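Q: Whole structure, please, built from the sequences with the hints as guidance.
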Amino acid sequence: MQVLDLIVRDSVAVSATATRLVLAASDASVLPAVLPGQFVEVRIDETPGVLLRRPISIHDCDAANGTLVLLVQRVGKGTAWLCNRRAGDVVNVVLPLGNGFSLPSTASGFRPLLVGGGVGVAPLLLLGKELTRRGAEPTFLLGARTEKDLLCLERFEQAARTLVSTENGGAGEKGLVTQHSVLEKERFDHIYTCGPLPMMKAVARLAREKDITCEASLENRMACGLGACLCCVEDTVDGNVCVCKEGPVFSIDRLKW
Amino acid sequence: MKPIRIGNLEFRNPVLTASGTFGYGTEYADFVDFNRLGGIIVKGTTLNAREGNPYPRMAETPSGMLNAVGLQNKGVAHFADVIYPSICDLPTNVIVNVSGSTIDDYVAVAERIDTLEKIPAIELNISCPNVKQGGMAFGVTPDGAASVVRAVRAAYHKTLIVKLSPNVTDIVQIARAVEEAGADSVSLINTLLGMAIDAEKRRPILSTVTGGLSGPAVKPVALRMVWQVAHAVHIPVIGLGGIMSGTDAIEFLLAGAKAVQVGTANFVDPAVTMHIVDEMEDYLRRHGMTEWEEVIIDN
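Quick mapping for you: the protein sequence lines, in order, are chains G and R.
The first sequence: position 137 = 250 (my numbering), numbered continuously.
The second sequence: position 215 = 594 (my numbering), numbered continuously.
There may be inaccurate statements among the hints.
[Stated by the list, open to error] In silico DSSO-like cross-links for lysine-lysine, where the CA-CA straight-line distance does not exceed 27 Å:
{"id": "1", "chain 1": "G", "residue 1": "Lys369", "chain 2": "R", "residue 2": "Lys580"}
{"id": "2", "chain 1": "G", "residue 1": "Lys323", "chain 2": "G", "residue 2": "Lys298"}
{"id": "3", "chain 1": "G", "residue 1": "Lys358", "chain 2": "G", "residue 2": "Lys314"}
{"id": "4", "chain 1": "G", "residue 1": "Lys261", "chain 2": "G", "residue 2": "Lys323"}
{"id": "5", "chain 1": "G", "residue 1": "Lys287", "chain 2": "G", "residue 2": "Lys323"}
{"id": "6", "chain 1": "G", "residue 1": "Lys314", "chain 2": "R", "residue 2": "Lys580"}
{"id": "7", "chain 1": "R", "residue 1": "Lys580", "chain 2": "G", "residue 2": "Lys190"}
{"id": "8", "chain 1": "R", "residue 1": "Lys537", "chain 2": "R", "residue 2": "Lys497"}
{"id": "9", "chain 1": "G", "residue 1": "Lys190", "chain 2": "G", "residue 2": "Lys323"}
{"id": "10", "chain 1": "R", "residue 1": "Lys537", "chain 2": "G", "residue 2": "Lys369"}
{"id": "11", "chain 1": "G", "residue 1": "Lys314", "chain 2": "G", "residue 2": "Lys369"}
{"id": "12", "chain 1": "G", "residue 1": "Lys323", "chain 2": "G", "residue 2": "Lys369"}
{"id": "13", "chain 1": "G", "residue 1": "Lys287", "chain 2": "G", "residue 2": "Lys298"}
{"id": "14", "chain 1": "R", "residue 1": "Lys453", "chain 2": "G", "residue 2": "Lys358"}
{"id": "15", "chain 1": "G", "residue 1": "Lys314", "chain 2": "G", "residue 2": "Lys287"}
Just so you know, these hints were derived from the structure itself, not from any lab.
Note that the structure is predicted; figures quoted are calculated from it, not measured.
A: In structure tokens, the structure reads:
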């Protein structure tokens, strides 16, 4: 883990409230290797009232070019500050943090479903790319309120097969991701999920019904990101554990959902 | 530079890390050179394992944060058997924060820590709920504070630091009582009791409703209390509360503290203690000082 100043190379609004930020290291070699599902803690500077870093999952990474991509939803002052960064600005991050999603060593024939909702789709892109690289056949199932809230859809489509659910029916199937017809038609080997808590809980329920192993990426409110402050704990079958250090990705078998 | 002495302890510089903000030190190994730290005060340790309070335990507030972790730890036996062997050879003073809810608990934990050769001191946390006093904290009355310190003093033979609560009418009275009862040093301030409410959800943010405020927001209160206590007791004072920079730390020394602890700042910058030491050394150079004590004596 290290503290790094990264330079904003590109900042593009991808919806009314979300921004895709490309951050570059001064030299590609200083950017540490990151795993899908890991996150960074971003220092929010110059913002009155914001003291703590903001945990943001890693959306994409290009080790050769030394770039890291974050997908940021404007929720409060901290994320608003981050969305307002422009090319050339410096962003201070601590990385890489957390455990990341499990990856099969031999992925040939492995058919996982990657279920994302809202800005929770962010870490699934890097995961899907890595699964494809390892020979797996991942399917993205992405949910949003309307077609306008689907973030960076074309990048997912380029990475792997992509299915969509929108609550208004503006794109893909109408309804929630857990109501998508693919869940009835096809059998998946494993489910990865990240998104709003009610969505992840519904996905976990579905996985249990279908007896499919499942991992969820949590976003409990954090301070240190290092497992020191014990603020972001999740009540698991092993007691209170730090989401930042033992997670953010948990097998649903460990969760009390 | 000459080391700073507190009780039987020697610190290479005045910068320590505050309990609960630095884990057991190892969490920060990637960011900190322990050879450049005065000491680390590890997480609050109780007799038996504690799960702590339910999530949510933290709320960010203007220039600060509230926490209600509730002393989550695996108990003193786990500390002694599992954690101690992995941290006892860190090249800095490793001090254990001792917490409890009864005098017997405090004494039992202190006695166990006393047997750990490489732990040269404990910091007694006397701002925890005390069931024997109907929910009041030991640390909020001079008699309550003195009774714990006296009992632990009788059982513990190394340097005894007592961490004071700011949630009192007159912290000077508590500090004097603790000194009288045999403490080698006092550290202050612990967190200030506060509350945060989510207006949209119309409910408190913390599961416990109230929690402890820390961060830059509390620094002026901490400085005032350190100044008051340092001028009222003869034992060394360790100052903490909202230190984010070397200048902040120097301010505490000028208020009368002999050393400082850095807490919440570790969450903002995991390498902050290194920057603070750099900035303090630079301050000494700029002011033509060669020893840490000169900052304090000048006061």
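Q: Now tell me, hint by hint, if it's right for this structure.
A: Hint by hint, here is what the structure shows:
1. Using a Cα cut-off of 27 Å, the hinted pair G:Lys369 and R:Lys580 holds, with the two alpha carbons roughly 24 Å apart.
2. The suggested pairing of G:Lys323 with G:Lys298 holds, with an alpha-carbon distance near 12 Å, which does not exceed 27 Å.
3. Distance hint between G:Lys358 and G:Lys314 is fulfilled; the C-alpha atoms sit about 21 Å from each other, no more than 27 Å.
4. Between the alpha carbons of G:Lys261 and G:Lys323 the distance comes to roughly 31 Å, so the proposed pair goes past 27 Å and is violated.
5. Pair hint G:Lys287 plus G:Lys323 holds up; C-alpha atoms about 22 Å apart against a cutoff of 27 Å.
6. For the hint linking G:Lys314 to R:Lys580, the alpha-carbon distance of about 21 Å falls within 27 Å, and the restraint holds.
7. Between R:Lys580 and G:Lys190 the CA atoms are separated by roughly 18 Å; this keeps the pair inside 27 Å, and the hint holds.
8. A C-alpha spacing of about 11 Å is found between R:Lys537 and R:Lys497, which places the hinted pair at or below 27 Å, so the restraint holds.
9. Among the hinted pairs, G:Lys190 with G:Lys323 is inconsistent with the structure: their alpha-carbon atoms are about 41 Å apart, more than 27 Å.
10. In summary, the hint linking R:Lys537 to G:Lys369 is not supported, as the alpha carbons are separated by about 44 Å, beyond the 27 Å threshold.
11. With a CA separation close to 10 Å, the supplied pair G:Lys314 and G:Lys369 stays within the 27 Å bound.
12. Proposed proximity of G:Lys323 and G:Lys369 is supported: the alpha carbons are some 18 Å apart, at most 27 Å.
13. Taking the CA atoms of G:Lys287 and G:Lys298, the gap is near 17 Å; set against the 27 Å cutoff, the hint holds.
14. Between R:Lys453 and G:Lys358, the direct Cα distance comes to roughly 17 Å. Compliance with the 27 Å bound is thereby established for this hinted pair.
15. Note on G:Lys314 and G:Lys287: the hinted pairing holds, with a Cα-Cα distance of about 20 Å set against a maximum of 27 Å.
Going down the numbered hints, you'll see the structure goes against 4, 9, 10, while the others check out.
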